[in-house]
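All chains should be built: construct the whole structure from the sequences, respecting the hints.
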Amino acid sequence: DAKTTQPPSMDCAEGRAANLPCNHSTISGNEYVYWYRQIHSQGPQYIIHGLKNNETNEMASLIITEDRKSSTLILPHATLRDTAVYYCIVRVGSNFGNEKLTFGTGTRLTIIP
Amino acid sequence: EAGVVQSPRYKIIEKKQPVAFWCNPISGHNTLYWYRQNLGQGPELLIRYENEEAVDDSQLPKDRFSAERLKGVDSTLKIQPAELGDSAVYLCASSPGRDFNTDTQYFGPGTRLTVL
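Protein sequence lines, in the order shown, are assigned to chains X and V. According to my numbering, the first sequence is numbered sequentially starting from 1. According to my numbering, the second sequence is numbered sequentially starting from 1001.
For the record, the hints were derived by calculation from the structure and aren't laboratory data. From the three backbone atoms N, C-alpha and C, an ideal C-beta is built for every residue, glycine too. Please note that the accuracy of each hint is not assured.
For the chain V half of the interface with chain X, some residues (derived, Cβ under 8 Å), not all of them [said to hold, decoys possible]:
| hint | residue |
| --- | --- |
| 1 | Gln1041 |
| 2 | Pro1043 |
| 3 | Leu1045 |
| 4 | Arg1048 |
| 5 | Asp1056 |
| 6 | Thr1104 |
| 7 | Gln1105 |
| 8 | Phe1107 |
Residues of chain X placed beyond 12 Å of chain V at every Cβ, according to the derived structure [unchecked claim]:
| hint | residue |
| --- | --- |
| 9 | Ala13 |
| 10 | Asn19 |
| 11 | Ala60 |
| 12 | Arg81 |
| 13 | Asp82 |
Right, dumping it as structure tokens:
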């Protein structure tokens, strides 16, 4: 699986959009970009994933550059409950799925009141 | 829908003692994972089950760690004997099975192990 690079920490004001970057310059054509987050003392929580196109769900939006070498997770209106460590993970998709997730150290996002 | 259940949430033992962690996945989920998370690091996979079969245990330290999922539902992870370096959070996750479109992994709250 391709390696990802994320800033170790970021701050964002409550109510503003939080934009979390991720570099994955060695990503292969069959690799997806996944985002998970981990709130203190909880297990990781799935947020969103994508291959080429931008994706949006009730939690966030995922913007993937045209060359797929980087992506940005957007939390449109950050709240204090969004304070967590955010992991960007690149992994191969398959018909079987269910392969392991290779976590890095993530970005610690702090939402400031 | 109930999430992934793990017990105990916290465990403190002395080195060389045995310890066991239990996980009950989401109902109907065929795939079960055990991860270990050291302080300040992301989780790392220890073992993955498809039903009752361990399909990836390459990262499991087999000299002291063992796991089982006898009926393809709940699972137990055991360490015997525990060492100081085993202090970590042990996370269990499950996913529905062989359907890529729904292969999201759902994690339990973890068991925090402290070895003294």
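*Of all the hints given earlier, name the ones this structure violates by number, lowest first.*
none
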